[in-house]
Structures are given as C-alpha cells and as structure tokens.
Amino acid sequence: MIHTLYLSLTLAAFWLLNSGHYSPLILSLGAISIAFVVYLAHKMDVVDHEAQPVHLTLKLPGYYFWLTQQIILANISVVKHIWLGNKTITPTMTTVKSSQKTDMGKVIYANSITLTPGTIAVDLIGDQIIVHSLLSENIEALKAGEMDRRVRQLEH
Amino acid sequence: MKDLLAVAMLSGIYGLLSASFFVTMDAVDVAFTEASVGAGISTLLMLTTIAIVGRFERSQRHKPSLALAVTFFTGVLLIYGTLDMPYFGSPNAPANQHVAPQYLNDTVLGQDKSVNQVGVPNVVTAVLASYRGFDTFGEVAVIFTAGIGVLALLAVVRRPEEDAKIAAINESMHQKNLILRIVIKVLIPFILLFALYVQFHGDYGPGGGFQAGVIFAAAFILYAMLFGLSTARRVINQTLIQILAAIGVLIYGSVGLVSILNGRNFLDYNALSSDSIAGQHLGILVIELGVGITVTSVMVIIFFNFAGRLENREANESVTRNISSDGHVTKEKL
Amino acid sequence: MLIAATIAIIIVMILAIIRGVIGPTLYDRILAVNMFSTKTVLLIALLGFVMGRPDFLDIAMVYALINFVSVIAVLHFSNDFEFRSSAHSDAKESKSMEEDS
Amino acid sequence: MDTALSIGSAICLLLGSFLCLTGGIGILRFPDFYTRMHAVSVSETSAAGMILIGLMLQSPDGIVVIKLVMILLMVLFISPASSHALAQSAMRHGLKPWLSTTVPAIKNKHNETASDITSDKGVPPSNL
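As given, the protein sequences belong to chains A, B, C and D, one line each in that order.
Under our numbering, the first residue of the first sequence is numbered 1, with each subsequent residue one higher.
Under our numbering, the first residue of the second sequence is numbered 1, with each subsequent residue one higher.
Under our numbering, the first residue of the third sequence is numbered 1, with each subsequent residue one higher.
Under our numbering, the first residue of the fourth sequence is numbered 1, with each subsequent residue one higher.
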C-alpha cells in the first residue's frame, strides 16, 4: 500500500513538474493518466520495495553526495590516463565481494561501481561482482571496502 | 558490409543523425517522430528480424556496381534539380504561397480568439489533426493494416506444453539480469507516464498520438524483453490488444461520423461543440487518443508476434535437439 | 560558449561514428551507438538553447529512453545472433593491438 | 548576479566540452572494448553533467531547469545500467579483455581468486 502511495506521489510530481500547463482539463487528464499507470504497474507487478525504496528515501541523498565526490575524483584520474595514453593504463579484471544482504543493496553497489569512471561491474553472481577496471589502483580502492560499507549502511 | 547486425547499428546512428538534422531545421515534431520511430522502434524491429533470419548476408551473384552507378546518377540528377528550387525558407517558395499562409494565419498569427480557428498553440498538431484530418486518418489506417498484415503472416500458434518450458527459461533469466530487472522496474511507470504526457501535451508542444504510442509500446517491449514474453502476455491480453488496435481507428472514424450527423463535413470538429474552438480542441484530443491507442497496440502486436515466433523456434529446436540426443543414446545402447 | 560546446559535441559524434565504422567487434559498434545517442541528447539540449527554443528538451528525454530500449534489445537478442568473427576483423584487431602496445 | 551566472555557465560548458572531447579521444585510443567503456563512462557522467549544469545556469525559467535536471537524472540512472548490460553480454559471449602485463605483482594476486574469468597476460583480445 505504501509503495502504491509512494509511486503515485512520484508520478504526480513528475507530471506536474514536466507539464507546465495547469488548466483543469490537463490536470484531470494527468490524474487519469496517473491512475492508469499505477493500475498497469500493479498488473505488471513492478510495485514493491525494490522499485519503490521508501525506506531509503532519507539516506539516499547523503550517499549520493559522497558518490558524486568519488565520481569527480575518478573522472580526473581517467581523463589524465586518456591523455597519457595506453602505456600508462593497467586494465585489470577481478571479483569483488559484496556484503549487502538484499538484491536492492547489491544493485546499488554494482551501479555505483559502474557509475564511477574507471571501474565497471561486468557481472553479478550471488555476492560476487566481477569488476573490470582501467587501473589496478581502482581495484585496490574497491577492495578497501569504503563504498561497500556505505551501501551496507544504507540498507538498515 | 555482410554483417547485417553492424548495418542495423549504423542505421540506428543514421536515425539519430537525421533527427538532429530535423532539430536544426526547427522541425521539432518531425524530429520527435524520427527519434521514437526511426531510431527506436524500427531499429528494434530490424534487430528482431535479424535474430529470426540470421546475421550474415548470403553471398550475392549479381554485381552491385551497376546499381551503385544508377543510384549515384539519380542522386546527381536530384541535386541538380534542387539548384532550381527556391532557397530554404524563401517567402517566394510555392510551399509558402499555397495553403500554408492561411493555416499559419489561422493558427499562429491569429492569436486573437476571434480569428484563431483551431485554438491549438502547436501549429503542426493543428494542421495534421484538423486541416489534414483526412490524411492522418489514412496514416492510422495504414498502421492498422500493417498490424493486420503481421497478424496474418506471423501469428504464432501456441501449444500449452511449451509454456512451462518458456516460463522456466524466464525464471533463470530473472536471476541473471538482476541489475537490469530492478532498474527497469523503477523506470517503467515513468516511461508509461511520460508517454501519456506526450500524448496529452501534443496541443502545446511537440508530441501527439504517434510519438506517444511508440513510447508507450516501448515500455511494454522493455518489459517483455526483461521479464519474458509469457509474463508480458499474462499482463497484456492478446485478444484485448487486437481489439484495441481496431478501437483506435474506430474512435477516429466515429469523430468524423459525429460531425456528419451534426450536419457538417466529415471530421469537421466545429460540430462537436457549440463553441467552435472548444469543438476543435475536443476533436483533436479525441482523435489523437485514437491514434495513440492504435499505434501502441499495433507496435505491441508486431513485437509480440516477431518475438513469439523466435521463442517458438527456439523451443522447437530444443525439442528436436532433445529427441536427437535421445536417439543417439538409444543407438549407443543398441 | 554554447556554439563552442555544440561544435565539441559534433566532433565527438564524428569520433563515435569512426569507432562504429571500424568496429572491430560488434560490441564496439554498440558502444559507439550508445555514446552517439548520449551525445545526441546533449546536442539537442544545446541546440534548444542556441535557437532559443527550450521546448526541445522533451525530445532529448525521448532519446535517453529510446537509447536504453535499443541497447537492451540488442543484448536481449544477442543469444540469437551468431557471434562468429570473420578472420578479416581478427587480423585487423590484432594489428591495431600491436600498434597500441 | 547575471554576469556571475553566465561566467559560471561558460566555465561549465567549456569543461564539459573538454571532457566530451577527452571521452571521444579515449574511445578511439584505448586498446580494447572494456577499456573503451571507461572512456564512454567519462563522457556520460561528468561531461553530460557539466554541460547540463552549464545550461541550467542560463535557463530562462524554472520549468526548463526542472527538465534539465530530469534529463541529467535519467542519464545518470540509465547509463550505468546499459554499460553494465553491454559488458555483461560481452563477457558472457566470450569477449576476452586485454589485461596489463606491467603490474605482475597485483595481477598474480588477483589471479588466484579470479583465474577462471581472466585471460592470460598480454594475450590480445579475441574477437566475436
């Protein structure tokens, strides 16, 4: 129930922010559209704690702030190596263990790895994430577990 | 190039490129359609076809150089022909002297309510849906016919025993594509709502039934690809969607009939309401809805039948493979 | 500055097309298309500002979505494609490797 | 205030163009598919972010800013998913990555845990 409410609210915000036309006709069409989409979403079975992470709402902004910093730092290093050329890169592929319990947590962790330039989560099997990285230092940083810990904190 | 898949990828780039070109020419609505149809759905259907027929072209016996020469010659002639044409945007061009000035005067320039005949800020929508209502009706009929054609040629006969096998394949796929599955779960409601937003804001900005239908169908196609065709079939009833494709055309046509019954011409929306602007507005809204319904259903029908054929073939192949391996085993025993 | 950014993006689009044409593997081509369409999103947003018509942004949004759908489609059907390399592209790739390393 | 905004926007756009070009050079310069993905990832995160932020700073009204934010969020949400899907599919169809030979110490350590997925040192990538 709470997920339906959450979905309807986000959809309503999406419509209102995008629309820019607030005549009664358009608003009522918007309401009908939202109801229809929520109905379809229920029928498709895409309304649950995975798709609507209500419990994460308060914690996500802090995590994304930290992630943005990481992305900027990683960008600088990758840009440097693009200009320095192929001799300076040390591509590595290895597995990293993820300590998250839920699927949602694993997906956030894997997506954060991919979003950070220099590392790509190639595959996710059980709790092992196969990571390809441009530099071997990146893998070392991942293995140190800072990101893993932060995502795990997000789950609780 | 013999690799058809590479050709499909490059044609996707071509679609994106031509849409950017339309944007530079200020043809927003055309760019919108090109984005959703040219770069999106047609690439997707091409990929499905390649998956069915195989990736590599057979070696051809004829020489392509003659065809290339003819194409080149025609191209040169066409470019030579454009030299005689008026410059782009020239006020003396025939396109700007015939009916276009009246359309524009009636819609854009006549912002004054008493002059404005259509009352829709987006000129393209006004022209396509109101002045050119007949042509658009024809287009919808063409799309509907395409859907019927695909149904007639490719409709899959499904046997119930295959369902269990397909469901098992889907189950294994779920675990494999965990990340994509969750991302798409989050995304799908927003794609659907965005399609409806495009549908209903066609009066104000770029958009309308065609684009909205394609985006709406894209959401279903995404769902079918990630969650399996049989799950998607359970959500979207096949019979219902075939009926909806017809209903879309019927909605469009019946708007025309209502205006005839009110003593006006076919598709004259002024007849729908005592206030002519309100009538135009209502008429355009309803026919765009009809267009959207037909386009969505036909796209979904086409994709489902293509993909269903593929899935059936795979199921058959695995059946024959099992039989042949069984045969092998028995032979060894003998 | 808008014009400069537009030109930069067009140059990157050309680079992506080059990668799409020379391949050598199918995945490089998909990657090129993927990059090309992200750049198209940016290009359309920029053009909207250059031409003073910010309502182009809806199109940019459609692009972002459609791109995703087509990438997923390629990968979904990839099991049905015969992933075999021609000897020709093999040779080309290993040659370029030698030059690079 | 206006000049500050336009200077900020110009800096963002310039930086975005530079990052974009870097990504474009990376996709041509890097040796194999997986490393090229990193170059694309640069142009999709920071370059797109910088250009869109630059545009936000010179938007005429609120709704444009909101749409730009939405495009940015969408790009940031979709691009890791599609890169991941691409890499996953490439891996499963047996596209071998080109791995470095210059850092044997680290590589050997990882090879113990991941010998089944990595190809041998310095072997050029095989094609599909």
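Some hints here could point you the wrong way.
[Said to hold, decoys possible] Footprint (simulated), chain C over chain B, 3 or more residues, beta carbon under 8 Å: (1) 3-11; (2) 37-46; (3) 215-223.
[As the list claims (entries may be wrong)] If you anchor each label on the Cβ, the simulated ranges turn out as follows: (4) A:L84 <-> B:D84: 50 to 56 Å; (5) B:L282 <-> A:M1: 35 to 41 Å; (6) A:P61 <-> D:T3: 37 to 43 Å; (7) B:A146 <-> A:M1: 40 to 46 Å; (8) A:G126 <-> C:A4: 32 to 38 Å.
[Claimed, not checked] Coverage of chain D stretches by chain C, computed from C-beta distances (three or more under 8 Å per stretch; other residues unrestricted): (9) 42-51; (10) 83-90.
Don't read these hints as lab results, they were simulated from the structure.
Note that beta-carbon positions come from the ideal geometry of N, C-alpha and C, so glycine has one too.
The hints, checked one at a time:
no.: 1; hint: 3-11; verdict: holds (count 5)
no.: 2; hint: 37-46; verdict: holds (count 4)
no.: 3; hint: 215-223; verdict: holds (count 4)
no.: 4; hint: A:L84 <-> B:D84: 50 to 56 Å; verdict: holds (55 Å)
no.: 5; hint: B:L282 <-> A:M1: 35 to 41 Å; verdict: holds (37 Å)
no.: 6; hint: A:P61 <-> D:T3: 37 to 43 Å; verdict: violated (31 Å)
no.: 7; hint: B:A146 <-> A:M1: 40 to 46 Å; verdict: holds (42 Å)
no.: 8; hint: A:G126 <-> C:A4: 32 to 38 Å; verdict: violated (48 Å)
no.: 9; hint: 42-51; verdict: holds (count 5)
no.: 10; hint: 83-90; verdict: holds (count 6)
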